[in-house]
Each structure stands twice: as structure tokens, then as C-alpha cells.
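Peer 1: One letter stands for each residue in the lines below.
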Amino acid sequence: MSAVTRAATRRRILQGMMGGAAVTVGLPFLDCFLNGNGTALAATNAQLPVVFGSWFWGCGLTPGRWEPQSLGAGYKLPVELQKLASFRDQLTIFSGMKVFMDGKPPTPHQTGHQGILTGHVPKPGVKADYASLDVLISDQIGTKTRFRSLEVTGSGNARDTLSRRSASVQNPSEVSPMALYNRIFGPEFKDPNAAAFTPDPKVMVRKSVLSSISEERAALAKNLGSADKARLDQYFTSLRQLENQLEIELQKPAPMAACTHPGKPEETVQGLEVNAAVKNVKLMSDLIAHALACGQTRVFNVAFADATSSVRKPGETATHHILTHEEAIDEKLGYQPRAQWFNDIIMGSLADTASALRNVREGDGTLLDRTLLLATSETGFAKIHSLENIPMMIIGKAGGRIKGGQHIQAKGDPATRVGLTVQQVMGVPASSWGTESLETSKTFTELLA
Amino acid sequence: MKLVFAKAGLFVAAAVALAACSPAGGGKENASASATTAMTASQAGGPAIMRRLTQEQYEQIIADVFGSTITLGGRFEPDVRENGLLAVGSGQVSVTAAGLEQYDVMARNVAAQVTDEKRRATLLPCAPKDAKAADDACARETLSKVGRLLYRRPLTQAEIDGRVAKAAEGAVKLKSYYAGLEASLAGMLVSPQFLFREELVEADPSRKGMTRLNGYTKAARLSFFLWNAGPDDELLRAAETGEIHTAKGLTKQVDRMLASPRLKEGTRAFFTDMLEFDRFGTLAKDAAIYPKFNFKAAQEAQEQTLRTIVDHTVTQNADYRDLFTTRKTYLTRLLGAIYRVPVDQPTGWVPYEFPENGGQAGILTQVSFVALHSHPGRTSPTLRGKALREVLLCQKVPDPPGNVDFKIVQETSNPSFKTVRQRLNAHATEAMCKGCHKITDPMGLALENFDTIGGYRTNENGAPIDTSGELDGIKFNDAAGLGKAVHDHPGTTSCLVNRVYSYAVGRVATPSEKDWVKTNLEKRFAEDGYKVPQLFRRIVTSDTFFRVIPPAEKPPAEKLAGKTAAAEKLIQTGELK
Numbered sequence: 001m002s003a004v005t006r007a008a009t010r011r012r013i014l015q016g017m018m019g020g021a022a023v024t025v026g027l028p029f030l031d032c033f034l035n036g037n038g039t040a041l042a043a044t045n046a047q048l049p050v051v052f053g054s055w056f057w058g059c060g061l062t063p064g065r066w067e068p069q070s071l072g073a074g075y076k077l078p079v080e081l082q083k084l085a086s087f088r089d090q091l092t093i094f095s096g097m098k099v100f101m102d103g104k105p106p107t108p109h110q111t112g113h114q115g116i117l118t119g120h121v122p123k124p125g126v127k128a129d130y131a132s133l134d135v136l137i138s139d140q141i142g143t144k145t146r147f148r149s150l151e152v153t154g155s156g157n158a159r160d161t162l163s164r165r166s167a168s169v170q171n172p173s174e175v176s177p178m179a180l181y182n183r184i185f186g187p188e189f190k191d192p193n194a195a196a197f198t199p200d201p202k203v204m205v206r207k208s209v210l211s212s213i214s215e216e217r218a219a220l221a222k223n224l225g226s227a228d229k230a231r232l233d234q235y236f237t238s239l240r241q242l243e244n245q246l247e248i249e250l251q252k253p254a255p256m257a258a259c260t261h262p263g264k265p266e267e268t269v270q271g272l273e274v275n276a277a278v279k280n281v282k283l284m285s286d287l288i289a290h291a292l293a294c295g296q297t298r299v300f301n302v303a304f305a306d307a308t309s310s311v312r313k314p315g316e317t318a319t320h321h322i323l324t325h326e327e328a329i330d331e332k333l334g335y336q337p338r339a340q341w342f343n344d345i346i347m348g349s350l351a352d353t354a355s356a357l358r359n360v361r362e363g364d365g366t367l368l369d370r371t372l373l374l375a376t377s378e379t380g381f382a383k384i385h386s387l388e389n390i391p392m393m394i395i396g397k398a399g400g401r402i403k404g405g406q407h408i409q410a411k412g413d414p415a416t417r418v419g420l421t422v423q424q425v426m427g428v429p430a431s432s433w434g435t436e437s438l439e440t441s442k443t444f445t446e447l448l449a
Numbered sequence: 001m002k003l004v005f006a007k008a009g010l011f012v013a014a015a016v017a018l019a020a021c022s023p024a025g026g027g028k029e030n031a032s033a034s035a036t037t038a039m040t041a042s043q044a045g046g047p048a049i050m051r052r053l054t055q056e057q058y059e060q061i062i063a064d065v066f067g068s069t070i071t072l073g074g075r076f077e078p079d080v081r082e083n084g085l086l087a088v089g090s091g092q093v094s095v096t097a098a099g100l101e102q103y104d105v106m107a108r109n110v111a112a113q114v115t116d117e118k119r120r121a122t123l124l125p126c127a128p129k130d131a132k133a134a135d136d137a138c139a140r141e142t143l144s145k146v147g148r149l150l151y152r153r154p155l156t157q158a159e160i161d162g163r164v165a166k167a168a169e170g171a172v173k174l175k176s177y178y179a180g181l182e183a184s185l186a187g188m189l190v191s192p193q194f195l196f197r198e199e200l201v202e203a204d205p206s207r208k209g210m211t212r213l214n215g216y217t218k219a220a221r222l223s224f225f226l227w228n229a230g231p232d233d234e235l236l237r238a239a240e241t242g243e244i245h246t247a248k249g250l251t252k253q254v255d256r257m258l259a260s261p262r263l264k265e266g267t268r269a270f271f272t273d274m275l276e277f278d279r280f281g282t283l284a285k286d287a288a289i290y291p292k293f294n295f296k297a298a299q300e301a302q303e304q305t306l307r308t309i310v311d312h313t314v315t316q317n318a319d320y321r322d323l324f325t326t327r328k329t330y331l332t333r334l335l336g337a338i339y340r341v342p343v344d345q346p347t348g349w350v351p352y353e354f355p356e357n358g359g360q361a362g363i364l365t366q367v368s369f370v371a372l373h374s375h376p377g378r379t380s381p382t383l384r385g386k387a388l389r390e391v392l393l394c395q396k397v398p399d400p401p402g403n404v405d406f407k408i409v410q411e412t413s414n415p416s417f418k419t420v421r422q423r424l425n426a427h428a429t430e431a432m433c434k435g436c437h438k439i440t441d442p443m444g445l446a447l448e449n450f451d452t453i454g455g456y457r458t459n460e461n462g463a464p465i466d467t468s469g470e471l472d473g474i475k476f477n478d479a480a481g482l483g484k485a486v487h488d489h490p491g492t493t494s495c496l497v498n499r500v501y502s503y504a505v506g507r508v509a510t511p512s513e514k515d516w517v518k519t520n521l522e523k524r525f526a527e528d529g530y531k532v533p534q535l536f537r538r539i540v541t542s543d544t545f546f547r548v549i550p551p552a553e554k555p556p557a558e559k560l561a562g563k564t565a566a567a568e569k570l571i572q573t574g575e576l577k
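The listed protein sequences correspond, in order, to chains A and B.
If you count the first sequence from 1, position 142 lands on 142 in this note's numbering, and the numbers rise without skipping.
If you count the second sequence from 1, position 429 lands on 429 in this note's numbering, and the numbers rise without skipping.
It is worth saying that the hints were derived from the structure and are not from the lab.
Zero decoy hints are in this set.
Away from chain A, derived, C-beta distances all over 12 Å, residues of chain B:
id, residue
1, L123
2, V254
3, T458
4, D466
Computed cross-link-like contacts, SDA-like style, restricted to lysine to any residue with a CA-CA straight-line distance of at most 25 Å:
id, chain 1, residue 1, chain 2, residue 2
5, A, K207, B, E169
6, A, K332, B, F417
7, A, K313, B, L383
8, A, K313, B, H375
Here chain B is said to cover these stretches of chain A; the calculated rule only asks that three of the stretch's residues, wherever they fall, bring their Cβ under 8 Å from a Cβ of chain B:
id, stretch
9, 155-167
10, 170-177
11, 203-217
12, 238-244
13, 311-325
Predicted model, so just to flag it, every value in this text is computed and none were measured.
Where is the CB? At the ideal position from N, CA and C, for every residue including glycine.
The shape of chain B in the complex, shown without the other chains (with noise of 0.2 Å):
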């Protein structure tokens, strides 16, 4: 036991800090974690994980399965974020007994819709002889054929055989044939092969010794990562026929789906998970300085940027790096308002390109990044920096220090501090601050323009704003140069990357899998010109994605990993500080 504990040890401290809090600290313990690495990058792969259902794919599988109008009427417990990811904490996460009580009162509450008079006609595959009575012949069929679709695969003949018994007993109890599906059917959709993604391995007839996802599962890696949805019919039949484990039968599978109008929606989920705009759903704004921002400017605050995303890297099919400069995006009158650009249209969206020299450029200027990383009543070039730090080029801002003297930092009530710049300057006074701040406050000051809820603005309490600043060695006057240097920063690439990576296979990448991410995938990125489609498609026709190494290989818990090679590379060289 011990022994494992000092290797954990030793993994945590290779993959962490960016920099320490201290001026004389930074990133001296920067082993290469891939020295450590038994595998090559050729035979990359991971073990296969269990995941919860996020909410989105919760109520996705719903609408897909059981139609759109069905409502839920209860609460998901929160999902939780590992490693820059939802999707990685999903992997980590179990149902407490309040998410439990939740999960089953939303349960109860589809079943009983899907059973009702309304819907059983249409939703329904058959009718009971009887319906004051048990009918195990079309329970069976209902069962069956609604489970295949809730579990993303047959049911076993046990569970089958279970389920059919349990309506049947409620049938008789209840006197009725649909309650007792209801109640059956209820308990379906809390048990743990619904509400868990459960990966299930075989032996891989191609490589003696070695196993390989099944067909099911590979099935539901694909639809989910690109779909953020369960697989659809004709995935799962790829996978009953093992057409799937084809290069040819694969190949068809990815083309129909990043053919299909869905992928918008799986783009749409992997950047709401990587920009946190889960965030959105608890960010508030003083509503007596800043009385535009409500609740629905939050939602298009995002919805903007999301559009901006889908359009820019699926649509346009365009590099991924302009999403950083350009000027063009979707806008409501509600955002006009805030962006102070007149929208005509009353209602929906408009496209729209902000002017050359218009101080916007890129999604860094959005509302959806300024306002998310401020605090309700002002802005923060720290919170700033950190998330374009930590969110877009992957690396980990150190915390503040315990027990700092924050003596400089009590003058900031100093009435000759009028801007966030000034105040900023006193804290760099003080050595332990300045360690930390150096990393965030350079590029963070770039966005000052924007004030917290992300409108335009040239001077704070009189004095004029200086939005000059610095990343990683770049140095310029404005937002749109910041734009210019995330668009050009190694880091920036290299991030997506390594999170779109993660993101589909729901867990830090393995030490060789990183080396392979880093060796083939990021280098094809590049080769492709930073198309997003193509790198979901670079990673789904892989071998290392459906490559199963046992769990033996997964380095363990290490919260702080995540960081890409180019930031390791930029700290050992000094550049980063």
C-alpha cells in the first residue's frame, strides 16, 4: 500500500505546477512523464471506464428514445469537473442517495407518461389482451426492444426475464397491465446499466492475447463523443453484426455520423463542457450597477458563442486558431444592447461582423469569457488570465498562498487606485503576490476593455484604460493582440487536443496515449489545418481509441495533469514563470 501511495506521489509531482507561489519557485520538478511511459505510442491505449450519464445525455436519450415532450420533473445532481472536464468527472463520480431519490422520482415520472392513455398508442409497441391483467408476452416485447435502446444494448436474458416478472407482479398487485409496465419500466431507467455507461471488453480475435472494446460499447463511444447522445439504431445493428470492428463497417459509421445535422449538437457539448459554461447556470451580476444582465442575457451569452463555434469550425469547416480573431458571430437584440450595436430584428439571431478597430476580436471578447470570469460587480484580469490559462491553453495556475501578508493589498481602497491595472500594480510590490499574479495578469489586462458583464469601454473611474499586456513572451497593446498571440500560441492547439482526446474517452489520457496524442495526433492536427472535424475523425478511426490496456497502466488519481507538452516545454525552458 505504501509503495503505491509514493508512486502516486511521484506522478502528481511530474504532471503539476505551472509555476509555485513563490518568486524564487517554479517548475523544477518537471520529469517527463512519458520517460515513464512501458508503451509505445504505436500500441497507445487505456482501460475502460464506467461513466454517468451527464444531464444533457440523460435528457438527450429521453427526448431520442421516448420523444421530446416528455417532461422529467426532477433534479440531476451536479456533475462534476476533473482535469478541465465534465466528461472526466463523469468518470469519477457514483449517485449519492439525494441523486438517487432524484433519479428515481424522474423515472417514475416518465414511466407514468410513456404508460399513459395519451402516449401508449404511439409509444408503445403492442397492447395487452387484458389490460386489468399481466401480459408477459408484450411486456417482453416492449421491454425489450425500450431496453435495448436505455442500456445501448440487448438485455441479458436475465435481465429481460427479470423486468418482464417485475410488471407482471405489479400488474397483478395493481390490477393493471400498464402500471405494472410503468412500475417496471420505472426501475429500468434508475438501475445502474441505464444511468452508468459500463464499457465491456472482449477478446480481440485480430490480436491473440489482447482484448478490445465490444461492439456496443465502441458503439456508444462514438455516439456520445459525437453526438453527445446514445447510439441510434443503426449503430447498434452495426455493432450486433460486428460490422463495427471493420475498418470498412467503422469507416461507413463515421461518415453517416459526421455527416449527420447531430454532430453540431456533439460540437456544441464538448465546447460547453471545455469553456465550463455550466458555470452560466449560477453566474449573477449586480443587478443595481448593471441592470441589462439577467438571466436570459447569461443564455445568449453563451447560445452566441456556441453558435460562433459550431458555425466557425463545423460549418465553415474553418481553422480552428481563427475562432481567437475573428470578428464575425450571431447576435440578439438583448447582447446588441450589451455590445452597444443596434439589432433590428426583435426576436432570434442575426449574423453579424463587428468592425476592424472595433476593440472586438475572437470569442476571448465575448461576453460568454469576459463576464463568466468576473466578479459580479467588477472585472478581474486575474480570473481572466487564469481561465485562459487553465481552460484554453491547459495549464494549471498555482492557488494562492496560506498565511500571505496582504498589507500592500489593504491600500487599494486608496483613492488614487482608479483602475483594476493600478490596484494590480501595488499587489506586484509584494514578492509573494507577484509570483502568482505574473502568470495571469498580463493577458488578463489585455480584456480590461470589456467591463464585467462584457460591455465596451475606454476609461474606468476617469482614468483611461492601458490594455497592453503580455503572453508567454508576446507582448501587445490590446484585445485583439491577445487574440492574435492565443492564436498563434503553441499551447492553444495542443490544449484542444489533448481535451477533445479526454473528453471522448472520459479520463485523463494514459502515458502512452499522450504520447501518441502528442506524437501523431496533434502533428495530423496541424497537417489538417486545425479542422475540428477532422479531428474527431482522426481520433474515432484510430486504433488506440478502441484500444483496451488493463487498468494496471492507469496512472493514478492526479487531479492537476492535463497541462500539454508545450506548456511543459515553455516552463523548463523559463519562458513561463
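With the rest of the complex left out, here is chain A (with noise of 0.2 Å):
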């Protein structure tokens, strides 16, 4: 993008207006942004919609080796994060966060994400309702798209997911590309593009078959209990969400310059053999990238695998969960060389996903531009369960709102502080997040562009 221009973009606008301090307002659509075939969308991508995704992997990585020297920007990539590289201008390093426990008991590989991620570590034996950030931002975003968000894992168990809007509705997780391709490209996908577009009866009828269901819900819910009443709610928020998908397939698609059709995945194995999470986490993340590109969705969440990291090698009789725990730490190398191997691994699978985004040209820029990607784990130091210091990263430029490149400590500060600034970067009118000692009002300011 050009450095000299000045003219009038949103972004600018945005800037003038908020001085730079925050971005929460809404800003009408103006038709000046627009030129006669719609291309000044592309061409200047910052006001394609902002998009966000999550990754997620289990049992962090070595401390004192992914953390960088110095502060601010012009960091000196770490040994851990090599895989990275050539995403080092927009990948934002966050170290010394941490999860806090107010006194309850942890339970390992879990406690860490439900912190991150729901801004509230539950009792022992408590189910928590508590929506994960996702669901609070595509809540935001999301309502206009075809589907409200994608996830997906590299396990091959669908319930590996950190997706949930309350205890009894976790987002399932793909985990077949093939799946996931006919599920987003199948009969039912509207080109974006195409010159003709005509409704579809049957979809009208369908329409209209779930409105009616609707209609039954008063005589279903006066016999039930609060707690089914609550589950028999959220299921017709899921039907309105289904009535929302077929509406958007009856209406014409505004145009998405950079939309192409993928080509049919292979049929792949799927399982916690490490390769084979990484080739299926790669082959969705393409997936997901054209479907972003083509408007279909603008949240996403990948989780590498378990939230233990039960992934292994080939031949190997231990798991990378085992090793982080069972494994020594090499006093010349000063880090466990096998548990190791996987942080080279995940860390290149977080990259493969980033490159999907990148490698999906919009105007001047990239898809990965106009998108926020929250990696996070969910332990500082997975052979002892450690919940400070926990790996976090952004990679991406959130349509311009924030400044990539930079390394932030923080000093004993809640993980909670990164998800509410997230939050307020997509929009989310929160103030503050989090319960107990993980509340905070706190944002990252020097993150906002």
C-alpha cells in the first residue's frame, strides 16, 4: 500500500476521529470507498471486514526460549519461533502472561485455556457458562455470514474444541478437510461472483418449514425445568442461525474480488500421528482461507490437537505430552530435545496456517492483513504444569487496527488483558473482562495502530 497517499480511507478516518486511542465506534459504509465495479474494496483492503481466528495448542513451549530479548518492536526473533519468520513485521509476541487460580485447584492442560480463552477458571465440579472469546467476537461480526465461525482440529476427535457459548454448547471441531470442503463448497455454496443469481424454491421452503418450528417453542418450553428451558433455548438460537444461513443463500452475494473456488482436498487419515495433524490442519486452513476470501465467514478457531498434546511420532513410544513431562532436560542443551521436536512442528503447522491467509491476494495486500490470529497455549511450563508465562502471540494486522511486530511483557498481569484489547480491536463494546483476580479493564494500548 502506498506510504503517500493521503486520501480518504477508513482506516484514516478511524484514526482522525479516535486519535488513534480506540476503534470500538461503528462507522457508516461510505459510498466515496466505493467505485462503480466495487474493486476499491480490494484495492484497498484495510475496509474488507476485519476477521478473527484463534490456534491453540497444548503444553506451550520451552521457557527461556521463545520470549525475546528486548521490548517493543525490532525484536530479535527467538530460537522457538523460527518457523515464524517470515511473518516476524506482523507477529506480536505477548510473554509473562498468566492465569490465576483464586485458591481453586487447577486441572492441568485445562485450566489454562479456560482462562485465556473464557476470562474465568471454574470451581472443581462447577460448569461454567461463560462464552469463549470467539463466540463474543462472532457475535459481533459474525451474524452477518453464512456461518458464524469454522473450527477445526488436527486431532481427529471433533471434541477437541475451546469454541463454546455456555457448558452444554461446545462448538464441535472438523475434522476431515473433505468434510469441511463439502460443508462450506458443496451444492450450497453461492459463488460470490457469478453473474446470474436466482433463489432457490426449495431453500424458500425450507425457510419456511424451520420459521414454523419457531412457532412451536412456547408450548415446548412451559413444561420444562430453567435448566432445560435454557437448552431448549439455545437450540432455537441455533435454528435461527440455521433460518440466517438459508436467508443468506436466497439473497445475492455482494461481490468478493479475491474469491476463487478450491479444488477438492485429498481423503486424508486422520489422528494424532504429529503428520498427520499438521497435513490436515494445513489442508483446512487453505479451506478456510477461501472461504474467508469468499465471505462464507469471518471467524475461525484451529486447535492443533488435544489440549494435553497427545500428538506423537511415528515409532515413537512416548507422546509429546509424555515427554514434556517424562523427559530430562539436556544439561548441555538446557531444554528436553525430543519434547522439543514438537514445538518446531506446531509452531511450522501455526505458520502453514498464516501463509493459507497470506497467500490470498486482496487488492495490494493479503487476506492475512485484514485478519487478527490469536495464537495462545495454555501452559507457561507444560513438565510442571506451570500457569505463568504462557505462550501467546498475534499474527496479522486486523485491517490496519493494530501495530504487528512487537514483543510485550507483562508483569504478573492476567492473560485476560490480551482477550479484552482483542475484544475491543474486533468491536466488542467490553469494558472489561474476566472474573476474579482474572478481571481487568486493562487493555494493551501500544497494540492499537
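Two chains, two frames, a set of hints: combine them into the complex.
Peer 2: Structure, rendered in C-alpha cells:
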């Protein structure tokens, strides 16, 4: 993007209006940003809508090997993040992030991500109804797209998901690239750039049938206790979303210049063998990138594997998780070499997802430029299930809303500060977030552009 | 709000913790939960609850109503396990947007097949006067017949009117009666009335001021419990006439259901749930180290155990406890290769009895247990011991603590530690680890003759394996001894009874029900010689099973309950640490 042009852009107006301090204000989509054929949108891609993605992996990284030595911009890329070297300019690293327990006993490999992604650590045996960060964000930016969000995992197990609306609604992950392809790009996909559009009468009939189910809601709810009633309400929330999906299918989609149809992915084997996990994440990231470019969704969540990181190297008797606990720290190297091998693989997989977004050219930028990809683990040191110094990163520029390429170090701050900052960047009207010691109203203003 | 929360905390404290993960820890907070019970066992009951159909139930209903050749072509969102059972989880989950999207895919697939030209003549009760136009009479007949089976009750007037109207609207818009019917039927298949089992209550005419489950709900409880299927026509008829509310009418239905071959399906479904066989779906073993173990082996391993259990408990009507000592089972050629037993028959199952002193005894030594509770490339006495306690004895093993110094465990790459026992002993010198591992390892180590896929071995890395172990004070030398100890353990039968009851009602038992289970059902199970079908009969013919107590009595969400009274006692007396 040209640095000398001073023409009006949405971003510049935002900056001027808010003095760069906050960006939670909605802005009308002015016609002057569009030329006749809509290509101006793609040419200044900061004006295409922002995208939020989360990327989770278990068992963290090696303490001391992923935190940059210097603060702010211009840090030297640490050894365990070398796989992300090509994203260096838009990679912000958060170190020193902590999840506070307030005396509650931790559940290993669960407490960390619960604190980071829901802002709440439940008491043992108590079911917490806190929604995850991505759901709070999709409520803000994902209601007008065909899919409110897309979840995938490389583990082969649909249960490996951290996206949740409540304790009884945990959004399952797609595990197969082929199934994900069929879901997004199957017969119901409407090419936004197609010249002709005729609404499908079958879809109209289906939508009408679904609305009639909503009409029976009151009669059903009257017999239920409060907990069951809440579950029925959640069913109807999902039903509304399905109706919305059909409503979108009945409208001519807005053209998306960068939208291309991906080819059918190959059939793959799913499971915890680490190469299979990497391959499936890569294929599904590519499909997600196409879905974003085609306006099918604006929110996605990747879980590399399960939260314990039970991935394994073929022929090895120990999994990544077992190695983090059992492998001795090599005194000469200062780390656990066999466990560390997985860290490189996993960071490579994160790079695959970021690359898939960067590979989509939109005007003179890329899809990654309008994305905020939040990568997080659940422990600062897997060997002892530490909840201190948990690795967290942001890749992407969120449509110019954030400054990338920094090292931000917290001094005993709750990890929820990152989550709150991200929510505000994504336009969620939240001034504080989290419970007990995880509650915070402080954001990282140095991140904001 | 605050008050309620404080109370919830109390319940949790009372119901949990086998022992804390510290050497000084112990289940000190074991105030008896039943002390807070206002109801006596003779008035025991619980709230009605709404359950989401499980994947198997959904599939069974579609097969029963439309035939087994109908394909679904969609994916189910995962069922969730709570308090040891998916059946309990089914009473706590809702439907996610992605899940409903898939239900919608399946609903449309099913409806399209039911109304297609090949099937409509056999599956549908009537044909329209004009296939290009709406036909309300025929649509009404079809949708009310199908709807009664799908909703497990007759449709209300508003429901049937709505469905017929939508079929007509679709027929007009799409110029086809069958396209309209298809759309309306698909709607029925994504509706909450089908996907959730709502339990309806009514005033109990025999007890003034009390409520009971209505007849259709009773029928559904019976059939999902005993058959893992929706109620059949005969059960719905008994509900319609009210016969199901009389002792005689109920007994007639129960006799019929227990005598049906479908009881085997129901028994299978219960044990599949209790033994956590859903986890086989994602179980993998390292192909480089264990080439014999593949997807098929995983399937057959489950099937072996289920066949053993169904044959033993239903066909033979034998003592449940003997499942932990019996050497009788069924094998395929593939499983024979893992057990190193020649199986002549190239395909299918053959009955087989392992030799005495051959190492194999009871379902704990079967591939389905030792392989499911292992790592992909190595065994884990800790995982096996934990599964034994949690799955078969209904105890809760605490999670390992955070921020523990694992210094000692680092030594495990030391080449002088050849066996798992040696490696685990290294843990035991660390006080923080010792507390937990003492709960799980001594029984898990007795299964060390079975490698991670269930193959028999006598040494590991060249060192002989020591299989001596202990379970709650009973010492033994090998897996057969462990099987005997589990056979004799009071927790074994008490756990089964509690799990079966919880499975049948789809939730954690209320305090009054727990009291009743302990003082009545567990006793009867012993008197009946630990016969599983008889246990089912005792439950479904009891007043407790159908008695509705408003949700106020329901204990707050307690995730860790489900530990048996026997285990509680062992903790109190300090026998279990």
C-alpha cells in the first residue's frame, strides 16, 4: 500500500476521529469508498471486513526459548519461533501472561486455556456458562455471514474444540478436510462473483418450514424446568442461525474480488500421529482461507490437537505430552530435545495457517492483513503444568487496527488483558472482562494502531 | 443467588475426592450426602429431564421407522460424558449451530429417501390424488402416523395442522406433493420434539397432589433404557390406553420387553456407555510398533467384550461379578493374532475359553480394557488403575496437581529403568506424586503382562515383569488375582447398580434416589444373585423409577458425584488413600 497517498480511507478517518486511542466505533460504509465495480474494496483491503482467528496448541513452548530479549518493535526472533520468521513484521509476542487460580485447584492442561479464552476458571465440579472469546467476537462480526464461525482440529477428534457458547454448547471441530470442503463449498455454496443469481425455491420452502418450528417454541417450553428451558433456548438460537444461513442463500451475495473456488482436498487419514495432524490443519486452513475470501465466515478456530497435546512421532512410544513430563532436561542444551522437536513442528503448523491467509491476495495486500490471528497455549512450562508465562501471540494487522511486530511483556498481569484488547480491536463493546483475579479493564494500548 | 452458590459448594465437597493429591491429603470432607435428604427412600424420586437423543438412538429410530437401508449422510456432534455416562451428558447438552446444520443435512437426506419413487409405495400409507398438487388428507395421514413414532407420542392438534400446512405450501411452491411432504418431514426430523426426549408429567390420580410421568413418557423411559430404541407400537398403545399406569399392564410390557431379543441391544448400549467404548473412535496405536492393531482390531476388541458381556449376563443370566474372572469369550482370527491363539475359522466369531493359568482372566485382561487405557506406544498402569477405579468402581481419582516438581520423573530416561514398575517406583519417592499414584498404580501394575494393544508378554526390555499388586488391601500376584479382587470388591456391584440407575433416568440420582438405591436396589441385586436382567426389572417395576419430584429437590450441578457409598466408607475408614 502506498505510504504517501493522503486520500480518505476508512482507517484514516477512524484514526483521525479517535486520535488512534480506541477503535470501537462503528462507521458508516461511505459510498466514496466504492467505485462503480466495487474493486476499490479489494484495492484498499483495510476496508474489507476484519477477520478473527484463534489457534491453540497444548503443552506450550520451552521457557526461555520463545521470549525475545528486547521489548517493543525490532526484537530479534527467538529460536523456537523461527518457523514464523516470514511473519516477523506482523508477529506480536506476549510474554509473562498468567492465569490466576484464586485458590481453586487447577485441572492440568485445561485451566490455562479456560482462563485465557473464557476469562474464568471454574471451581471443580461446577459448570461455568462463560462463552469463549471467539463466540463473543462472532456475536459482533459474524452474524451476517453464512457461517458464524468455523472450527477445525488436527487431532481427528471433533471434541477437541475450545469454542463454546456455554457449558452445554461446545462447538464441535471439523476433523476431515473433505467434510469441511463439502460443508462450505458443497452444492449450497453460492459463488459471490457469479453473474446470474436466482433464489432456490426449495430453500424458500425449507426456510418456511424452519420458521414454523420456532412457532412451537412456547408450547414446548411451558413444561420445562429452568435448566432444560435454557437448553431449549440454545437449540432455538442454533435454529435461528440455520434460518439466517438460508436467508443468506436467498440473497445475491456481494461480490468478493479475491474469492476463488478451492479444489476438492485429498482424502486424508485423521489421528494423533503428528504428521497427519499437520497435514489436516494445513488442508483445512487453506479451505478456511478460501471461505474467508469468499465471505462465508469471518471467524475461525484452529485447535492443533487436544489440550494435552497427545500427538506422537511415528515409531515413538511416548507422546509429546508424555515427553514434556518425563524427558530429562539436557544439561548441555538446557532443554528437552525430544519434546522440543514437537514445538518446532507445531509452530510450523501455525505458520501454515498464517501462510494460507497470506496466500490470498486482496488488492495490494493479503487476507492476513485484515485478520487478527490469536495464537495461544495453555501452560508456560508443561513439565510442571505451570500457569505462568503462557505463550501468546498475534499474527496479522486486523485491517490496520493494530501495530504488529512487537514484544509486549506483562509483569504478572492476567492473560485476560490480551483477550480484552482483542475484543475491543474486533469491535466488541467490552470495557472489562474476566472474573475474580482474572478480571481486567486494562488493554494493551501499545498494540493499537 | 449467593446463597444458592454456597449450597452448591457444600454438595460438591460432600460428594468428591477419592483422596487429595498430597501425601497428607485424605477424604476428610465426607459428610454424608444422604444426611441432607429430606425424602425417605420410600418416597424416592427425581425431576423429569430433557435428553438429547444419542447417535445410536437416532440411528435406531430411523432404522425402526423407515428401514435399515436409509442412509443418514451427516455427522453427529459428539455426545458428552458426565458423571461417567453419556446418558447423563445427554440430559445436559443442547444443540450447537454446527450440530443443527448436520441434523438438517441428515433430515433432508432421510426425508428425500423416504419420499423417493423407489420407497414411497412401501413406506408411505397413502398416495395423493394428484402428485403435482397438495393433498391435505393424505399428508395428514402420513405425517400423523410417522410423527407418532418420531415424537414418541401423538402430535398435538397445532403440531399436525402446522406440518400439514407446510407440506401443502411446499407442494404448491414446488409443484409436487412429494416435495412438499419431504420438506415437512425434514422439518419434523430437525424439530426439538424429535431430537430431544422431553419428559411430560401429569397429576397422579392415585396420589392426591402428586405428579407422575405421563404414559408416553413412561413408555419412552422403558424402551430407551431396555432397548436403546424408541417405543414400539405396542408400548405406545399401552400408553394410550393407560394400561402402562397399572401394575398389571406395566408388568405385561416389562415381561415382553425383557423377553425380546432387543434386550441384548439395550444391554450392549448400557455397557458400551459405561465402559467408555465411544473412545475407541479416536483410539490409535503406533503402526510402526504395533502393526497388528488397526481400525478393524479396535472394532473387534469392543465387539469381543460386548459379546462376552451380553452372552454372560443376558443369554446365560449369570452372576455379573464373574465377568471379572471368566475365561470364556469370543474371538476372530484378527484378535487371535493379538492374543496369540490360533483361530481356524477365517471370518466371523468363534467361542473360545482361555486355558487356566494362561494369564487371561476376565474382561479386564481383554484388549478392550488394556488397550483403551494405554498410551499409543506403551502401557500405562496409571491409566489402567484410574480406569478401574473410575469406570468399574465409580470412584473419582483426583487430577495431578499443578506446579509440581517432576525432578525425579526426569530420571526415567535412565537406561537402568527397564520396566514400567521401575519407572513408576521412581515417582513414588516424590511425596507429591506418591499420594495419587498409590491410588492407581498397584492395581494397574497387575496388568503389565499385557502390552499396549493387549498382547501377552512376560518381560519388558529384557527384564522380567513383576505383576504383583494390591486393590484396597487385597494383595495378588497377577491379573487373575486382580480379577478375583475386583469380583469380591463391594464397589464393583454397587457401582454397577448406581450406573444402571443413573443411565435409566438420564441424570445423577437425587439424594432420595441414592438412598433408595443403596438400601433397596443394591440389596436386591445381591439377593438376586447379581443378575443384570433382574436388576433392570427391579428398576422398571419400582415406584421410584417413575416418581416425579419437582426439580427443587435436584442437587446442584455436581460433576464429581457418582462415587459409591462403599468407596465413601473405605475412605472414611482410611482403607482407601
